[in-house]
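One line per chain: the protein sequences are A and B, in this order. At position 100 of the first sequence the residue is numbered 931 (my numbering), and the sequence of numbers has no breaks. At position 12 of the second sequence the residue is numbered 843 (my numbering), and the sequence of numbers has no breaks.
The hints are simulated quantities; they were obtained by calculation from the structure and are not laboratory data. It is possible that some hints are incorrect.
To be verified - So the derived label-pair ranges between C-beta atoms look like this:
{"#": "1", "chain 1": "A", "residue 1": "1108", "chain 2": "B", "residue 2": "950", "range": "27 to 37 Å"}
{"#": "2", "chain 1": "A", "residue 1": "954", "chain 2": "B", "residue 2": "894", "range": "14 to 24 Å"}
{"#": "3", "chain 1": "B", "residue 1": "886", "chain 2": "A", "residue 2": "1048", "range": "38 to 48 Å"}
Stated by the list, open to error - Here are the computed lysine to any residue pairs in the SDA-like style, where the Cα-Cα straight-line distance is at most 20 Å:
{"#": "4", "chain 1": "A", "residue 1": "1040", "chain 2": "A", "residue 2": "998"}
{"#": "5", "chain 1": "B", "residue 1": "973", "chain 2": "A", "residue 2": "955"}
{"#": "6", "chain 1": "A", "residue 1": "973", "chain 2": "B", "residue 2": "852"}
{"#": "7", "chain 1": "A", "residue 1": "886", "chain 2": "B", "residue 2": "934"}
{"#": "8", "chain 1": "B", "residue 1": "886", "chain 2": "A", "residue 2": "955"}
The beta-carbon is built from N, C-alpha and C at its ideal position, and this holds for glycine as well.
2 protein chains.
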Amino acid sequence: MSLIVQKYGGTSVGTIERIQAVASRVAESHRAGQQLVVAVSAMSGETNRLIGLAKEIDEHPSSREMDVLVSTGEQVTIALLCMALNNIGIEARSYTGGQVRILTDDAHGKARIKEIDSHRLQDDLNAGFVVVVAGFQGTDEKGNITTLGRGGSDTTAVALAAALEADECQIYTDVDGVYTTDPRVVASAQRLDKITFEEMLEMASQGSKILQIRSVEFAGKYNVPLRVMSSFEEGPGTLISLEEDDQMEKPVVSGIAFNRDEAKLTIRGIPDQPGVAYKVLGAISDANIEIDVIVQNVAKDNSATITFTVHRDDLAAAQKLLTQIAADLGAKEVDADDAIAKISIVGVGMKSHAGVAAKMFKILADEGINILLITTSEIKITVVVEERYLELAVRSLHSGFDLDTSVA
Amino acid sequence: MSLIVQKYGGTSVGTIERIQAVASRVAESHRAGQQLVVAVSAMSGETNRLIGLAKEIDEHPSSREMDVLVSTGEQVTIALLCMALNNIGIEARSYTGGQVRILTDDAHGKARIKEIDSHRLQDDLNAGFVVVVAGFQGTDEKGNITTLGRGGSDTTAVALAAALEADECQIYTDVDGVYTTDPRVVASAQRLDKITFEEMLEMASQGSKILQIRSVEFAGKYNVPLRVMSSFEEGPGTLISLEEDDQMEKPVVSGIAFNRDEAKLTIRGIPDQPGVAYKVLGAISDANIEIDVIVQNVAKDNSATITFTVHRDDLAAAQKLLTQIAADLGAKEVDADDAIAKISIVGVGMKSHAGVAAKMFKILADEGINILLITTSEIKITVVVEERYLELAVRSLHSGFDLDTSVA
């Protein structure tokens, strides 16, 4: 008998009718002989309603009390889902994070799971119950309620799957799988049958929003096979797992990720000296501004140029800081540009294929697209281009790397 | 330093503004040097909203899951109240029933408190925190969430006061105290400064809805002084405590309770034999119909007459049953009357005063009010009269026992 953890997000449980539809799907799996643990989010809109109440009182409420407040959202869903399951003849039991217990650290609002006590759940599973667990929440050593932060329900599901040594962790969402790229930009984008944890991580970190990065990391670390599926349609979804070497013709590029949330800053003519990168980037980090791509070059006159990207919302603050730093270091100038887009091609196939980067640059050059920045990792090549070229670049790369037809 | 438990019901915390008003009141007590534990209900309307969601799924949902669902109502309030307290500079910490922990039996929806672990609360109080506890809820031996049933927040407050050996338990509500009778019926009704547990129990069981009977029983059992106060106005409220013998002129009657929820059934001409009362009333009880007043007489011909009252909603069912019983026992006739009202005069002073009953009957006779039934207990005399005489009877008794002016 296989043990499956299923996770349903806020949209999938957004109304009573949808909760009943989830119950039917769970019942189907249960009747097919699977042992089932179901992790759920708050009904869509509920978390924001609760946050709204808190903000009426205090713009920055206590994070401990915020967790007590918002954790009620999933608690409502687990009870309703169990009722819907009972109503169609499936015995089910609900558990809050504290009841399981899902032990976390005490970082309210962004807690990390340390340990899950799976005994009680295992007993219920053995007795034939479907177990329904509140996602997104846990309890610290002292019994205080904690939350894992937005999207934390995915992490709950994966952690439960790891603790219970489940055969698969199925994440039900509003898309039917992971695509080669965003179908809204490239109509010929293809659903992938399989993708590796590494690839998914790179896709996620580059703007593919289907899964939370932490849950993919977690799944990779404990080797929990993850499957992304649609709550609303039938279909096999996309399986995310360890790389398998049995594929004869592994595609070089599995997918193309992109985003336009970032802005680029450049500081030029910094007298080169040890520690320059730290002086520049450390000050930005200290201001809690997250830095993404970083590139440094040294010019003929030995002066250094550092370019980096930050979230567009942080551009004004970062530019102000950088102007001060430039003055302190005796640098020549500071440039800012927020009309940029970041595009990454991702694929474990790159590890064993030469010339992938050259091919990427040629495809872009053929379209007359100027590359502003390049960084590479083992399974990913990222470029920054002018924002107006984004769609053209993604479409050209999608067809240039044969993704219009291939299914990995 | 005195330790006070305060309880605020759903209307008192029904909006963000009211929660902020409660916070101000709590802050005032805290700044006056009191240690404070605050028990709260769900925001008014919230429990019904949650029940509505459940009923959309199942008219009779699992009671275990119902408790998981509705217990979120108080959890929202404790978090918001702590935020409101923090926002005006008072350090506060919230606890769910499970976190305290308030250990109950496993009777979901109507659980009874078995034990309260007050260590953590006491530590917080000693450290200067205001402690905010979710009313109405607890946890059973296995860690399942339980609820105490409607009105259970009063019981939570009293139980916390008993466990913490608090100096007083203050129940904040929408009235400013306990009155000699319902001011909507008798304009000259007076707020009582003091009343005994026994009197309050009799008042409550006779239809005065200010406090739940269980919470008064609990307070009496552990001798926790209870004070009923208004959430919306200043004032001393009414203190409910053990009888004190130091009052020279204790009023004979403290208050007049009444209700018109009942109907009267009479079975006449039952051949008298042992066990007749059981045969009649046992069958009614077995049908889960609650019986209130019972009176039995024996007629000259040795046939028995039994009269009793039930809730009006149960009249039809009870009458049908009684007609069958009458046939079985060979009784002569069955009468039913739902145009009745029950009136009780209550007062510990009756214990030491003769002639109270006679005075009551004379007052009613002087007004030409016929008494249909009489029962008495040590501190209460109850009569049933025709419903149309209710207001006249209550007003006459109120003035006849000098309640228009006296304050106990």
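Consistency of the hints with the structure:
1. 1108(A) with 950(B): 27 to 37 Å: Violated - the Cβ-Cβ distance for residue 1108(A) and residue 950(B), about 53 Å, lies outside 27 to 37 Å.
2. 954(A) with 894(B): 14 to 24 Å: About 21 Å separates the Cβ atoms of residue 954(A) and residue 894(B), which means 14 to 24 Å holds.
3. 886(B) with 1048(A): 38 to 48 Å: holds, 42 Å
4. 1040(A) with 998(A): violated, 24 Å
5. 973(B) with 955(A): Holds, at about 13 Å.
6. 973(A) with 852(B): Given pair residue 973(A), residue 852(B) is violated - Cα atoms ~31 Å apart, limit 20 Å.
7. 886(A) with 934(B): Answer violated: residue 886(A) to residue 934(B) is near 33 Å, above 20 Å.
8. 886(B) with 955(A): violated, 26 Å
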